[in-house]
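Asks: Combine the two chains into a complex, taking the hints into account.
Residue numbers (my numbering), protein chains in the order written: chain A, 458 to 996; chain B, 249 to 794.
Read the hints as simulated data drawn from the structure, not as lab findings. A hint or two may mislead.
Label-pair distances were calculated between CB atoms; the ranges are [to be verified]:
(1) R633/B - T880/A: 48 to 56 Å
(2) Q730/B - I777/A: 12 to 20 Å
(3) T538/A - A725/B: 49 to 57 Å
(4) P724/B - T538/A: 51 to 59 Å
(5) P666/A - R538/B: 25 to 33 Å
(6) A725/B - D481/A: 50 to 58 Å
(7) P839/A - G605/B: 39 to 47 Å
(8) I777/A - R538/B: 40 to 48 Å
(9) E680/B - L838/A: 37 to 45 Å
Just so you know, even glycine gets a beta-carbon here, dropped at the ideal spot from N, CA and C.
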Amino acid sequence: MRGLLLLLAAGGVPASIAAQRPGDGVARAVRADVVRGHMEFLASDALEGRGTGTRGGEIAAKYVAAQFERLGLEPAGDSGTWFQRVPLTGRRFTSSLGVAGGPALTVGTDFVAYLPGSADSAQVTADVAFVGYGIVAPEEGWDDYRGVDVTGKIVLMIVGTPGDQDTTLFRHPARPDYGFRQYKVEEAARHGAVGAFVVYRQPYQASWPMIADAWLGEQLVLGDQGAGESATRVAGWINEAAARSLVTSAGEDLDRLAAAAARPGAPAVPLKLTLAAAAQGRTRIVPTVNVVGRLRGRTRAAEAVLLGAHYDHLGIGRAIAGDSIYNGALDNASGTAGMLAIAEAFVTAGARPDRSVLFVAFGAEEAGLLGSAAFVARPPLPLAQLSAMLNLDGLNVLADTRDISALGADLSSLGDVFRAAATAEGYAITDRNGPILQEAVQQGFFSRSDQASFARAGVPVAFLFFGDRVGTGPVGSGKERLDDYLEHRYHQPNDDLHQSLDYEAAAHYLRVFARTLLATANAPQPALWNKDSPYQRSH
Amino acid sequence: MSRFLASLVALLLPVGSLVSPLPAQQPAGTRLANAISAGVMRAHLTFLSDDALEGRAPGTRGGLIAGKYIAAQFERLGLEPAGDSGTYYHEVPVIALTPNPQVTIVGEGGETPLTFKQDYVLWSMKDDSLVSVASDLVFAGYGIVAPEYGWDDYKGLDVKGKVVVVLVNTPGLRDSTLFKGKILTYYGRWTYKIEEAERQGAAGILMVHTTESATYGWATVAGSWTGPQTRVLRTPGSLVVAGWLTESAADHLLQPVGGLAHLTEAAGRPGFKGIPLKAQLGATVRSTIRRSSTYNVIARWPGRGPKAAEAVIIGAHYDHLGISLPVKGDSIYNGALDNASGTAAMLTAAEAFVRSGIHPPRSIVFIAFAAEESGLLGSTAFAARPTIPLKNIAGVLNMDVMNLFGKTRDIAALGLEQSSLGKVFTEAARQEGLRVTINQDALIKGSFFRSDHFPFARAGVPAISLEKGLDFVGQPAGWGQQQEDDYTAHRYHQPGDELLPWYTYDGAVQQDRVIVRTALAVAEAPGQPVWSKGSEFEAAGRDRLK
Numbered sequence: 458m459r460g461l462l463l464l465l466a467a468g469g470v471p472a473s474i475a476a477q478r479p480g481d482g483v484a485r486a487v488r489a490d491v492v493r494g495h496m497e498f499l500a501s502d503a504l505e506g507r508g509t510g511t512r513g514g515e516i517a518a519k520y521v522a523a524q525f526e527r528l529g530l531e532p533a534g535d536s537g538t539w540f541q542r543v544p545l546t547g548r549r550f551t552s553s554l555g556v557a558g559g560p561a562l563t564v565g566t567d568f569v570a571y572l573p574g575s576a577d578s579a580q581v582t583a584d585v586a587f588v589g590y591g592i593v594a595p596e597e598g599w600d601d602y603r604g605v606d607v608t609g610k611i612v613l614m615i616v617g618t619p620g621d622q623d624t625t626l627f628r629h630p631a632r633p634d635y636g637f638r639q640y641k642v643e644e645a646a647r648h649g650a651v652g653a654f655v656v657y658r659q660p661y662q663a664s665w666p667m668i669a670d671a672w673l674g675e676q677l678v679l680g681d682q683g684a685g686e687s688a689t690r691v692a693g694w695i696n697e698a699a700a701r702s703l704v705t706s707a708g709e710d711l712d713r714l715a716a717a718a719a720r721p722g723a724p725a726v727p728l729k730l731t732l733a734a735a736a737q738g739r740t741r742i743v744p745t746v747n748v749v750g751r752l753r754g755r756t757r758a759a760e761a762v763l764l765g766a767h768y769d770h771l772g773i774g775r776a777i778a779g780d781s782i783y784n785g786a787l788d789n790a791s792g793t794a795g796m797l798a799i800a801e802a803f804v805t806a807g808a809r810p811d812r813s814v815l816f817v818a819f820g821a822e823e824a825g826l827l828g829s830a831a832f833v834a835r836p837p838l839p840l841a842q843l844s845a846m847l848n849l850d851g852l853n854v855l856a857d858t859r860d861i862s863a864l865g866a867d868l869s870s871l872g873d874v875f876r877a878a879a880t881a882e883g884y885a886i887t888d889r890n891g892p893i894l895q896e897a898v899q900q901g902f903f904s905r906s907d908q909a910s911f912a913r914a915g916v917p918v919a920f921l922f923f924g925d926r927v928g929t930g931p932v933g934s935g936k937e938r939l940d941d942y943l944e945h946r947y948h949q950p951n952d953d954l955h956q957s958l959d960y961e962a963a964a965h966y967l968r969v970f971a972r973t974l975l976a977t978a979n980a981p982q983p984a985l986w987n988k989d990s991p992y993q994r995s996h
Numbered sequence: 249m250s251r252f253l254a255s256l257v258a259l260l261l262p263v264g265s266l267v268s269p270l271p272a273q274q275p276a277g278t279r280l281a282n283a284i285s286a287g288v289m290r291a292h293l294t295f296l297s298d299d300a301l302e303g304r305a306p307g308t309r310g311g312l313i314a315g316k317y318i319a320a321q322f323e324r325l326g327l328e329p330a331g332d333s334g335t336y337y338h339e340v341p342v343i344a345l346t347p348n349p350q351v352t353i354v355g356e357g358g359e360t361p362l363t364f365k366q367d368y369v370l371w372s373m374k375d376d377s378l379v380s381v382a383s384d385l386v387f388a389g390y391g392i393v394a395p396e397y398g399w400d401d402y403k404g405l406d407v408k409g410k411v412v413v414v415l416v417n418t419p420g421l422r423d424s425t426l427f428k429g430k431i432l433t434y435y436g437r438w439t440y441k442i443e444e445a446e447r448q449g450a451a452g453i454l455m456v457h458t459t460e461s462a463t464y465g466w467a468t469v470a471g472s473w474t475g476p477q478t479r480v481l482r483t484p485g486s487l488v489v490a491g492w493l494t495e496s497a498a499d500h501l502l503q504p505v506g507g508l509a510h511l512t513e514a515a516g517r518p519g520f521k522g523i524p525l526k527a528q529l530g531a532t533v534r535s536t537i538r539r540s541s542t543y544n545v546i547a548r549w550p551g552r553g554p555k556a557a558e559a560v561i562i563g564a565h566y567d568h569l570g571i572s573l574p575v576k577g578d579s580i581y582n583g584a585l586d587n588a589s590g591t592a593a594m595l596t597a598a599e600a601f602v603r604s605g606i607h608p609p610r611s612i613v614f615i616a617f618a619a620e621e622s623g624l625l626g627s628t629a630f631a632a633r634p635t636i637p638l639k640n641i642a643g644v645l646n647m648d649v650m651n652l653f654g655k656t657r658d659i660a661a662l663g664l665e666q667s668s669l670g671k672v673f674t675e676a677a678r679q680e681g682l683r684v685t686i687n688q689d690a691l692i693k694g695s696f697f698r699s700d701h702f703p704f705a706r707a708g709v710p711a712i713s714l715e716k717g718l719d720f721v722g723q724p725a726g727w728g729q730q731q732e733d734d735y736t737a738h739r740y741h742q743p744g745d746e747l748l749p750w751y752t753y754d755g756a757v758q759q760d761r762v763i764v765r766t767a768l769a770v771a772e773a774p775g776q777p778v779w780s781k782g783s784e785f786e787a788a789g790r791d792r793l794k
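The shape of chain B in the complex, shown without the other chains (with noise of 0.2 Å):
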C-alpha cells in the first residue's frame, strides 16, 4: 500500500483509531493481547453465574442452558463448530454407581467380616450391578512403575487376577532423595494406582489410607466414595473392583508379614520385592446403576498453513455444582470464581483472536469441559475420544479458577516445570511485565492432577493451569493468601461462590493477556513443546507422536 492510500485509509478510520498507533503496526502479541476485554469478560461471567443458571450442574437445566450458551458465542464470533459430527457438542456418556459392598478377608486364621464406611470403601470398576471377586491378596508397595526413577513394585510379581494391596503416595514422601520428595508426583496420585493395577492385570485394588499419605482423613474417603461414583463410560479394563482401606484394617490385614509400619519402610526401600498374603479377598459389590449424557463444547479458530491440523487447546470447564444444601437460606451454588471466569476467559480469549484477526500456523481450539466437579468427566472423555488426534495437540491451556481480586505483579501456573510450555508462558508473563511465582504448596498437594489439563498430560500431551499471582499491586504482603484463604474457607463449593461487588477484571485481564501470548507462541513456533527431562509424563509424550 502507498504511504499516500495509507493516509486515505487513516482519515476513513473511525476517530478513535487514531489515537494510537495503526494497530497492524503493533506485533501480533500485543494486538491480541490488547483485544482481550473486560467488558467481554463481566457480561459472560455475570450471565453464567447467574441465579437462573442454577449452578450448571451437569445433566440440569441449567447445565444445557450454560453449554448452549457458550455454543451461541463461539457461533456469533464465526468459529468452526470442533464437536461431534459437525457440531460444537462433544458428548460426554457418564455412568454413575452408587456401591453396597460386602466384603470378607479369607486368612489362615479363618474368615474376618469388615465393616463398609468403617473399615473400608470399595466399588465396581465394571459397569454392572453385580460384581464379585474370590481372589489372593499381594501387597505391591506403592504399586509403581517409574522408569525413570529405576522403580518398578510389580518386577517379578505376577498379580493378574489377584487383588493388590498398595500405598499412596511415593517413597518421596518419607526419603526425600526418591521420586521428587515431598512434591507429589503423579505415581502418588490413587487414580494412578488404579490405573497401573489395570496395566498389570488385577482383579482388583485395596489402598491404604493414612492421613499422612492421602493428605486427607478417614472421613473424606468414607464420604468421597459412598454416594454415586461417577465416572466416563470406558472399555471395562481387568478391575472388577477398587477401594480403600482404612490404617487399622490394612495393619490386622498385613500383620502375618510384619504388620503396616514395617512394610511401609520396606517399602519405601529401592529394589523393595512384592509379597503374597497368604489370604484372599471375597468381594460382592452391588450397585443402582444410572447412565446420562453431558457434553464438551469446542469450536476451532483455524490455522493458516500446513499446521493447521495442529492446535493448541484453550480450556476451562463450565459446570459447578447446581442446586444443592442450603446455606444461610441460599441453595444455589453459582460458582462464579469456579468456575464461570475461566469460561468467560476462555471466551473472551475467543473474542480477541476473532477480533484481532490473527491467524497463526497452527489452529486454537476452545473447549468449555464439562463436568469437572464430577472427576474431570469431560476433559477425560475428551482425550479417550478427542476431535483431534493426540499427537496434533501441541499444548493445553486451563483456566480454572480466574483472579478477580485485583491486578497483580505476579502471576502462576500448574506445571510449568513439567514441560517446555513452561518456558513459553513464562516469556509471555514477561511481555505483560509479570514475573512468575512458584506455588511450592500446589505442588506438595498434587494440585497439578486436579483439573482438567491434567487427563491431557496423562496422555502425554503438554498442559499447564493458569493460577492467580499472590503479590497484589496496591496491598500489603500477605493479602493476596489471605484473600485465597478467606475464598477457600467461606465461599469454594458454597453457594457463597458469587459475582461480589468488589471484585474487578483487571487481575483476570492481565491472566488472560498471558494465555493468549502464551497460546500464540505455541501455535507460531516451529515445533511442539516437549516435556522436561525426568517428568513422569515424558515416556507417555514419546507414545502420543507414534
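Bound conformation, chain A alone (with noise of 0.2 Å):
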C-alpha cells in the first residue's frame, strides 16, 4: 500500500492526504480547549489546591478517572478499578538540636530534623565531621568520605555539588541527585553515621522557608510501615547563619571549609563540636491514589509505553498576599491536562497502536515521587514490558518556542524517537549547552519528577521541558519565561489561573508527544538504554 501510495502522490492527490504520515493524525487530534477546559477544572479553587490525602485531591483523582471511562480505556488500576492505592504514611516531628551542654537551636529558624528511619523517636550526641558535600561519585573520582570513618558520628555537608563552585566538576554527572538532601542522608547511613545535617546554602532552587515550611510540616512515606531501617537516626537541615557559628564555635570557619569541599582530593575534617539532637514522630496513614487508564494495544497488548503527569500539588497552606490556595496551575494540572489530552487524541483520532499505552495521573509527586515510587514498585504490568515512560510536568503553558527538549530522551532510542516528532512539528532540538538545558541540570529537574522513578528502575524515559527560543527572541527568552516562574509562582498560591496561559503552546508541545508516544508503542523494539547510560534495565 505504501506503494501505492507513493505513486497516487505523484498522480496530484490532495495535499492533505499526500502528506499523511504516521501520527498525524494523533498530532491534528491534540486539541487547545481540550487542555483548557481539563485545566480549569483541575486548577479553579473549588479544587483545594488537590494536596495529597485531601478532599481536593481526591474529587482530581476521580475527574480523571471520570475521563478515562468516557474515553472508552481499559481500568488498570488495582482489581479491575481505575484507581492504583499509594500507601503512605504521614509523620510530623518534633525536635531539637544544639552543642551538648549548651544552648539549643531554634527549631524552624536554625534547623528541622527529622527521623530517617521509622523509630518513633531518637536521641543522638556525637562529635562531628565535616564531610564537604557528603558526595561519593566514583565517575567523577569523587569520595567525600575518603580516609575517614564517620561511624557513630554526626556529618555535616554542604548541598549543591561541587559543580555549584567549579563549573567543570559535575557537568554531566551519572546521578543527577548527588547535590539534593535525600541522597547526601543516604550516603552518611551508608558510612555508618547517627547523625547527618546539610547546610543550606545558595545556590539552591527553594528558599529556606520552604525547606522549614515542608519540614515543619507533615512528610509522606511511601509504605504503610513508615521508612523503614536507617543507621543514621536523626537527620536535618541547618541554616547558614546558624551553622555558620557551630563551626566558629569549633575554632573552623564555614566559608573556608565549604570553599575547600569543591576542590577535588579535599578531606574531610573532623570538628571540635560535640551535637545533641533529638526527634521525636507521629505517624498516620494518609490515602490517596494514583489513577491508570489502558488503551489496548493492537498486535503486542501485553506490552507498553506509559504516559504519566501527576495531578497533586500542594492543597491548602500558608496565605501569600491573602490566598492560601495553592492551585499547582502549570505544576502540574497543565500536564495532567495535557496527559488527558493526549489520550482523547488518540481515541478521536482512532488510533490503536501495536503495544498498550497506559495513561497514569501519578498522586504524592510533591511529596517526593511517592505515587511514581509505588507504580513502580508494584506496577500492573511487569516493568520489563514497559517500553518506555514519558512524563509531563509543568507542561510549557507559557509561550511556544521554536525549539524544544526532553530531559532523559539522550540517555536511550527515545532520544531519536523525540527528536523525529520535533522535526514533524515544526520544532529544533534545543542545544544541550544552551541556557534551559543547563540550568535543567543545575536544578537537577530530571530527578525532580515521576520519570526519575522509572529510569532508576530499568525503564527508558522522557520527560517534556521547554526550549530556548521563545517566539522570535533570543536564545536565552525561554530561560527567562521559565526563571520568571520559577521565582514568582512555581510552589506559590499564584501558579494559577490568573497567570498569562497559551493553550495553543501547550497543544502545539502536547503534538510532539503524542508523535513520540505513538511511534514509541509501535516500534519494532522496545525503547533501549545507550551503552554509557547511568541507568540500565534490570532483568
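Replies: What follows is the structure, encoded as C-alpha cells:
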C-alpha cells in the first residue's frame, strides 16, 4: 500500500492525504480547548490545591477516572478499577538540636530535623565531622568520605555539588541527585553516621522558609510501615547562619570549609564539636491513589508505553497576599490536562498502536515522587514489558518556543524518536549546552519528577521540557520565561489560572509527545538505554 | 469525491469503521443517535453522583464543583460559552426569606387573631425584612383568567391594593366539562394564582387549602412554607404578602357570605362573580433574609446558516439536596437519578453532536440548570433573563431523572399534548422503535409544572420533559411501575438515591437517542414548534413572538 500511495502522490492527490505520515492523525487531534477545559477544572479554587490525602486531591483523581471512562479506556488499576492504591504514611516531627551541654538552636529558624528510619523517636549525642558535599561519585573520581571513619558520628555537609563553585565539575554526573538532601543522608547512612545535617546555602532552588515550612509540616513516606531502617537516626537541615556559628565555636570557618569542599581530593574535617540531636515522630495513614487507564494495543497488548503526569499539588497552605490555595496550574494541572488531551487525541483519531498505552495520573509527586515510586514497586504489568515512560510535569503553557527538549531522552533510543517527532512539528532541538538545558542540570530537574522513579527502575524515560527561544526572541528568552515562573509563582498560591496562559503553545508541545508516544508504541523494538547510560534495564 | 479516491480514504480509515457502512452514508439522525455512548453517560454519572460531590447543593462546594465539571466538559468539547459575558456561567441571584408572620382578621364581629402554622402560613413577596398590609379582603373564586375557556374570575372586580382569597385547582375538579376536567391545567397551580393576583394589582393573596384541591395535606403546607422561602431575585410587583389558609379558617372567614362549601360550588359555575368580604386582613411579616448566587452552566453548538441565532435547548438540572439528615448513617443526598442522570445524558447528547459533527440550521444550546430542587430557580432565572431572546428559542427538551432500570418498548414525556413538539418527539421515538405512552397520573398531578421546562412554557416557549416508559423488555407487566414506586418510596430525595450496582444504561441511551433526534428535527424544521389550540400557553406563545 505504501507503493500505491507514492504512486498516487505523484499523480496529484490532495496534499492533505499525500502528506499523511504516521502520527499526523493523533497530532492533529490534540486540541487546545481540551487542555484548557481540563486545566480550568483542575486548577480552580474549588479543587483546593489537590493536596495529597485531601478532598481536592480525591476529586482530581475521580475527575481523571471519569475522563478515562468517558474515553472508553480500560481500567488498569487495582482489581479492575481505575485506581492503584498508594500506601502512604504521614509523619510529623518535633525536634531539638544544640551543642551538647550548650544552648539549644531554634527549630524552624536555625534548623529542622526528622527521623530517617521508622523509629518513633531517637536521641543522639556525637562528635561532628564536616564531609564537604557528602558525595561519593566514582565516575567523577570523587569521594568526600575518603580516609575518614564517620561511624557513630554526626556528619555536616553542604547542599549542592562541587559544580556550584567550579563549573568544570559535575557537568554530566551519573546521578543527578548528588546535590539533594535525600541522597546525602542516604550516603551518610551507608557510612554509618548516626546523625546527618545538610547546611542550607545558596545556590539552591528552594528558599529556607520553603524548606522550614515543608519540614515543620507533615512528611509523607511510602509504605504502610513507614521509612524502614537507617543507621542514621536523626537527620535534617541547618540554616547557614546557625551552621556558621556552630563551626566557628569549633574554631573553624564555614566559608573556608565550603570553598575547600569544591577542590578535588579535599579531605573530610573532624570538628571539635559535639552535638545533641533528638526527634520524635507522630504517624498516620494517608490515603491516596494513582489513576491508571489503558488503551489496549493491537498486536502486543501485553507490552506498553506509559504517558504520565502527576495530578497532586500542595493543597491549602500558608497564605501569601491573602491567598492560601496552592492551585498548581502549571504544576501540574497542565501536565494532567495534557495527558488527558493526548488520550483524547488517540481515541478521536482512532489510533490503536501495536503496544498498549498506559495513561497514568500519579498521586503524591510533590511529597517526593511517591505515586510513581509506588507504581514501580507494584506495577500493574511487569516493568520488563514497559517499553518507555513519557512524563508531563509543568507543561509549557507559557509561550511557544522555536525549539523543544525532553530531559532524559538522549540516554536512550527515545532520543531519536523524540527528535523525529519534534521535527515533524517544526521544532528545532534545543542545544544541550544552551541556557535552558544547563539550567535543567543545575536545578536537577531530571531527578525532580516522576520519570526519575522509572529511570531508576530501568525503564527508558523522556520528560518534556522547555526550549531556548520564545517566538522570535533570542536564545535565552526561554530560560527567562521559565525563571520568571520559578521565581515568582512556582509552589506559590499564584501558580493559578490568573497567570498568562497560552493553550495553543501547550497543544503544539503536546503534539510532539503524541507523536513520540505513538511511534514508541508502534516501534518494532522496545526503547533501549544507550550503552553508556547510568540507567540500564535490570533483568 | 471520485470512487477511486473514496476507496483510498476507506483504506486509510481505522479498521473498526469498515465493519459498518460508512457513517457519512447514514441519515444525520441515525449518525447522531449512534453517537450516544453509554460509556460517556456512565462516566459523567459516576463522577457527579460520587460522595465527593456532597450532594451538589446550590452554594456548597459540591454544587460549585459540579458546575465547574460541566463547564470543563463544554469547553473540552469545543462548545461556545453561552452564559454571561462570554463565559459558560449564567448568574442566578437568589434570595431566601424565613418568615415570622402575625395575622389578624378584622370583621364586623371584631378581631379574630389567627395562629401561624395552625391556621395559616404567610410570607413576604417583597425583599424586605419587615412588611405589613391592612386591606380589604375579596373572594375571587378560583382566581383564574382563561380566555380560551371563557373564564374570568376577576371580571368586574377591583382588587387593586386588596387581599384576594382564592381556591386552588380549577372548576374542572368538580365538573369534568370545565377546563380539562381532573387533568390539572396551569390555572390550577398555586404559582399561577399568585402570578394572576399580581397581574390584577392585588396587595395580598390567601389560598384556601383542601387536601383534594391541593393534592397534598396541610402538613405539607405547614412544612414547606415556614422555613426559608427561596426564590429568584426579581423586580417586585404589587403583592406584599402571600399565604395559605386552612380549610376551617377559610370557612370561618367566609361564613358571613355563605361559607366555604357554598362558595366553592358557586365559584365552579360559569359566570361566577367575585364577592368583597366585609373584613380586612391585618398582617405583618418579619423575615430573616439571606442573599446568594448560584449559576446555570450554558454552552452552544452553533447552527449553520441564517437560522443560527435560533436555538433548541437541551436542559437538565445539576443540583440536588446536598448534605442533610442522615438516614441509616448516610447523610449525603447523592441524587444519582435526580438528577446526575439527566445531567450526564445532557452532556452525552452534547458529545454526540460534537462527535458526529452535525450542525443543523438552528443552534443547539445545552443548559445545566441550577437550584431546581429549591423551586426551579435556575430555569426561572433563565426565562426571566435569557441569554438567547425567547423568540429565538424554538423549543426546550428537559431531562429530569433518566431510566436506569433497563430497556423499554415505550417512552414518555410531559407536555406532548401541549405543542407540536409532541409530534416531533413521537416521530423520533418511532424511528427508535419506541411507542409513546401517556402518563395519565402525571397529568392529574400536574407534573408538567414541576420541572425546568415549565418556566419556559409559562414564558410561551414550547417545552417538554422526558419521562421513562414502563414496558420493560424481559420483565413482566407492572415491573416498571413497581420499580418506579419503589424508587419513589425508598430513594427519591433520600441518601439512598445513589448509583446502584444493578442500574444499566440501555434505557437511558434509548431516551437520549430520542432526545437528540427530536432536537435535530426541531433544529432542521422550516418553522418553530407551535402551541396546540386551546393550550393555556397559547397566548404566552403569541406574546413571545411579538
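Asks: Taking the CB of T538/A and the CB of A725/B, does the distance hold inside 49 to 57 Å?
Replies: This hint is violated: roughly 38 Å between Cβ atoms.
Asks: Return holds or violated for the Cβ distance of Q730/B and I777/A against the range 12 to 20 Å.
Replies: Given range 12 to 20 Å: violated, Cβ gap about 59 Å.
Asks: Is the distance from the Cβ of R633/B to the Cβ of T880/A consistent with 48 to 56 Å?
Replies: 53 Å, holds
Asks: I want to verify a distance hint. Is the separation of the beta carbons of I777/A and R538/B within 40 to 48 Å?
Replies: 32 Å, violated
Asks: Tell me if the beta carbons of P724/B and T538/A are separated by a distance inside 51 to 59 Å.
Replies: For P724/B and T538/A the Cβ distance comes to about 35 Å; the hint is violated.
Asks: Range hint 37 to 45 Å: satisfied by the CB atoms of E680/B and L838/A?
Replies: 42 Å, holds
Asks: Take the C-beta atom of P666/A and the C-beta atom of R538/B, compute their distance, and say whether it sits inside 25 to 33 Å.
Replies: 40 Å, violated
Asks: Can you tell me whether the CB distance of P839/A to G605/B sits inside 39 to 47 Å?
Replies: 41 Å, holds
Asks: Is the hinted range of 50 to 58 Å satisfied by the C-beta distance from A725/B to D481/A?
Replies: Holds, at about 56 Å.
Hints 2, 3, 4, 5 and 8, counting from the list given before, are not met by this structure.
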